[in-house]
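Here the sequence shown stands for residues 1 to 201, where the numbers follow our numbering.
There's no promise every hint is true.
To be verified - Listed next, with one range per pair, are the computed distances between beta-carbon atoms:
1. 13 / 33: 29 to 37 Å
2. 179 / 86: 28 to 36 Å
3. 90 / 39: 18 to 26 Å
These aren't lab readings, by the way, just hints derived from the structure by calculation. Positions of the beta carbon are idealized from the N, C-alpha and C atoms, including for glycine.
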Amino acid sequence: MREATGASAPLRSNARILERSIGFLLTAVQPVTRPMLTRPTPCAAWDLTMLLLHVGDSLAAVHEGLAGGRVGLRPVAVDPADDPVSALRVRAARVLRHAMAFPGCADRDAGTAAIGDLCLPGELVAGAGALEAAVHGWDVAQATGAGQPIPPDLAADLLDVSRTLAPPCGRLPLFGEPLDPGPHASPGDRLVAFLGRRPAP
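Assemble the whole structure, with the sequences as input and the hints as a guide.
Quick look at the structure:
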């Protein structure tokens, strides 16, 4: 099994960032009501329902990696979509239960997760989950009108993570091209601009 390289942050450090990111996400979804579910979001062509379902799917994949050391190539079974906020909370709780320790690939030391024939360092799994949770938490906050910024210390940590997972060249397709956040931008504004979002006024 091949091992992916390129991450520098320790696993437990990224696991703690993941915990903080999920905390921010859960705060962001608190104001969501059923009438809000059709609202637009900063994610082009996604309303709030679609965004919440995407975040839930992402958390389910992170949970697979943390709990079993393997992320399946097929979509994870979808929870009932009649209450996407409750489904997201359930999946977030599952991730938090496994954020600090997980078994890893069967033929490697703990701290790795397999995707197909690729064995990823665990810090990439935790870092990717942290980035998804926090940035999409910001998206949710914009859609509800609450507009909570990503906390500065968390955003600064995630900027380091994002430069590994989403470099300006060859970045993953889920992220837009970086935008200019302005000379006096906060860490949260720099993070969302780096990932192709226009900071809130």
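Results of checking the hints against the structure:
For the pair residue 13 and residue 33, the beta carbons lie near 36 Å from each other, so the given range of 29 to 37 Å is met. Distance hint check for residue 179 and residue 86: the Cβ-Cβ separation is about 33 Å, which falls inside the suggested range of 28 to 36 Å. Checked against the hint of 18 to 26 Å, the pair residue 90 and residue 39 passes, with Cβ atoms roughly 23 Å apart.
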